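Colleague: Listed below, chain by chain, are the residues.
4 protein chains.
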Amino acid sequence: MVKTKNINKNAFDILRQRINIIIHGVNTPAGKLFDLVLLFIILLSVMLVLLETVENIDKRFHDILIVAEWVITIFFTFEYFLRIISTRKPLQYIFSFYGLIDLISILPMYLSFFIPNTKILSVVRALRLLRLFRILNLGNFTGQATELKLALNASRTKITVFVYFVCIISVLLGAVMYVVESPESGFTSIPTSIYWCIVTLTTVGYGDIAPITTLGKFIASFIMILGYGIIAVPTGIVTAQIANSKNKRKLFAPNCPNCNSQPLADDARYCSKCGTKLT
Amino acid sequence: MVKTKNINKNAFDILRQRINIIIHGVNTPAGKLFDLVLLFIILLSVMLVLLETVENIDKRFHDILIVAEWVITIFFTFEYFLRIISTRKPLQYIFSFYGLIDLISILPMYLSFFIPNTKILSVVRALRLLRLFRILNLGNFTGQATELKLALNASRTKITVFVYFVCIISVLLGAVMYVVESPESGFTSIPTSIYWCIVTLTTVGYGDIAPITTLGKFIASFIMILGYGIIAVPTGIVTAQIANSKNKRKLFAPNCPNCNSQPLADDARYCSKCGTKLT
Amino acid sequence: MVKTKNINKNAFDILRQRINIIIHGVNTPAGKLFDLVLLFIILLSVMLVLLETVENIDKRFHDILIVAEWVITIFFTFEYFLRIISTRKPLQYIFSFYGLIDLISILPMYLSFFIPNTKILSVVRALRLLRLFRILNLGNFTGQATELKLALNASRTKITVFVYFVCIISVLLGAVMYVVESPESGFTSIPTSIYWCIVTLTTVGYGDIAPITTLGKFIASFIMILGYGIIAVPTGIVTAQIANSKNKRKLFAPNCPNCNSQPLADDARYCSKCGTKLT
Amino acid sequence: MVKTKNINKNAFDILRQRINIIIHGVNTPAGKLFDLVLLFIILLSVMLVLLETVENIDKRFHDILIVAEWVITIFFTFEYFLRIISTRKPLQYIFSFYGLIDLISILPMYLSFFIPNTKILSVVRALRLLRLFRILNLGNFTGQATELKLALNASRTKITVFVYFVCIISVLLGAVMYVVESPESGFTSIPTSIYWCIVTLTTVGYGDIAPITTLGKFIASFIMILGYGIIAVPTGIVTAQIANSKNKRKLFAPNCPNCNSQPLADDARYCSKCGTKLT
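Chains as they are written, first to last, in this note's numbering: chain A, 62 to 340; chain B, 62 to 340; chain C, 62 to 340; chain D, 62 to 340.
Since the hints were derived computationally from the structure, they do not count as laboratory data.
Note that this is a predicted model, so its numbers are computed, not measured.
A couple of the hints might just be wrong.
One copy or any two copies: either way a pair holds, since identical chains are not told apart in the list.
[What the hints assert, rightly or not] Lysine to any residue pairs mimicking SDA-like chemistry, simulated, CA-CA at most 20 Å apart:
#1 Lys210 <-> Val224
#2 Lys180 <-> Ala129
#3 Lys93 <-> Tyr141
#4 Lys210 <-> Ile230
#5 Lys210 <-> Ile220
#6 Lys210 <-> Asn81
#7 Lys180 <-> Thr275
#8 Lys93 <-> Ile82
#9 Lys210 <-> Thr221
#10 Lys180 <-> Leu233
#11 Lys120 <-> Gln78
#12 Lys180 <-> Gln153
#13 Lys210 <-> Gly290
#14 Lys150 <-> Ile229
#15 Lys150 <-> Lys210
#16 Lys180 <-> Leu105
#17 Lys180 <-> Ser243
#18 Lys93 <-> Phe73
#19 Lys93 <-> Glu130
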């Protein structure tokens, strides 16, 4: 009896390992195939959510869409439980970024039984597409993403300062435009004017609100040229950061053991100053 | 009698110091709490000015908004006098940037008794939000802001030259478009054409004025591609400046022990100013 | 008889060589003249395709346009066969990039006999304008284009990662805007919302769809400032890459006499690949 | 008699020199004052041309504007002849850039007697505002402008290649959009589609023409993201160039006479490699 239990436990362990390899693994063919199929289904499920909101398509294919949606939801639910079962630390998975995304991806469909209009929430499953980076790990996609993230992180303080300034400028210029322009041209309140100011500063320029008085146009021109100059700032910050991190990457090669000078490239085999062989 | 006065003076001095620490200080818990509360109230007061201009909200909550506005104004007035009293050099504060902002933040409400439509001026209190940088001093926000300011200052001449060129180009191209396009498409005068030209060059593109003739569209396409190339210039200037100031900071080599000047590279072995050997 | 054949063959060979020099050559005056004339005719033929779609012009000059189109098509057909005959490896030309373009440039006219509305396809002959680079080879246009291509190629992975993120962000924010905004303001479905989100993030801002609710405008402002920051990323990537490739080219130091590899700095005294002393 | 002539000639010479110093000179107070007054009058005359096209202003102040225009034209004519007389090489001035601009600035008014609607040409006098750089020479405006010009000149070939590619892409994508979209949405001909494509690629986005079909919106999204990536290219080119010219400026200091290493700054007084004093 004890033995059977052991065997059962072992059999379960082996099964769990197998599932683990297929679901969590990337390096095995089975794991890779599973990831690719999953990615395709996620893409399909995101498409379904999008298409359901298009009136013409929803009218014609309503039933098919609903069935497809339920099939995918049940598949995702099954996958979610498999993921929990197969890992040794279920709680770690459940409360991880991907675990929460996986849960939010399936919940809305079940919720839609009780609370209407919650189905739209399942669009967050688009975040599951971030798995692509894990799957395409073979290339150095992840490395590139990390590098970008580092550069952005390093520039974060500067960009925060910058955005803060932009907001204060928008409030002030928005108030000025509200006073200058009449409500007929769309500047009905200061918040609307601030919205217009951000639309203009960022060079988006919808045109739903546009100055009509001469003074308003003059101030708007000033704001645009200001925005023109301002757009240079975050670009400059991020560029300098990326160029910097690029330079830093070169330094991973060890220094010359003879003259201690820095090698000029990661693949340098001889010191460029004294000719000593680098190891 | 003299002694009492002295004691009084001392008591007043101590009170002034206490207030000074709370209002002007950042490093004590009380001063920090005060700054945070103040920041919240400033934010609230800016929101009030914005919301008063939204018709629906003003209609429904008119009385509440007015009362809140007065409460805040009186609080700000009280704070303004406390600031004057608590500092040893009141005039220096009054005529400082923040002192003037603080005054302009409260005056409009009192002015609105005598002159209508001046209340809107109190939106300048948004500038008081710049205090945030002082409060968040713990991080290196101020340092970052200074760095940005230095980079922008260093690029100022180049950017001025650039803006001047943009203005002359806009006048010339604006006149050309005025001749080419008919008034029906919105090009009613040269100033309006110049406004359109700036809207186009800065890639804002409202669409309130847009060319309709073939030649006009052709010239507009030329202006857009020109603007595309032109936008690269300020970006290039600021980026080169930021990257430059970054490079200067990167030097971890110690300063010269003789003349204290910064070494120009990490691998400098001799001070480039006085020739002292660096260790 | 055999001799005559030989002579004939030789005569044909010489003719082929002559044609080859004129058509494929760039360095001879005749070849250059041919290329310039060809470029002019290609430009003319592209103009014809464009003008045919302008209603007013098509109405007035319909017959002239058709005749001109046929003259050019026959000229191109003739040129195509000359190119095949004159080269020693006809298949290599036929399946090359330019060979396929040359074929697609003439086919649509003949196809338009059997299948209507295929004539528009002949617009691909615009791609033949890329020959300009070969003709202007005297300057270093090709070198510049190659450098640009290399810089873009090197940044490709980073830009792919970036575009992928932009797409996921657009899907999520598009869904949010669909929920927040009513269909009256143009957000009729999630795909439309995603389209709007891309229009906003890229700072194009048509204004055909624009938020009208307060919350929608607030989220839109957030998206714009986000896009403002995001636009800095590809710029930073490409700039760092171009600056990098520029630094690499700057080296005027001679290549290693032993292994012919490029020295990594102007002041390199030893080859970093094989350790040979550089003179 | 001869003497009188000599004296006369001398007197004329002295007068010419005086005028020369005032008109062409910058360094004397009189010359500077003249330039400032001239700049003000040029600015005024440009304003006049602009204001004449504004209907309301022209109606009310028609006579004043005409008189002012004539006063300024006569003043400019007088100044033009003084410039010719005062210089030793009149032809050199007449056919110089500024000489031609000066002539074109006054001709249109006289021409307007014979040919109507030529008065608008006098807007070219805006180009005379470029003199500002000469006047403000005291600062290093000219140096900055020259630096910008050099950076742009050096990037010219790359930018030409780039603009050429953008044009070919616009033709191809414009044709695609013409086929995909119906004329109702504004895509009435291929040239119009190309215009729309340039408006979109440069992120201007008027919105006068915008896709309405799903496929059209999809292609438009692709074009926008493409434009997003493309805008990075000229920015990268110019930035790398400016950063480069900044680096090159450092190299004007002579190399170390002992070890021949490059000084790291223009104001370096000692070689940072071997400590030798730089002369």
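Colleague: Which of the stated hints cannot be reconciled with the structure, identified by number in ascending sequence?
Modeller: Hints 6, 7, 11, 12, 14, 15, 18 and 19 contradicted; others consistent.
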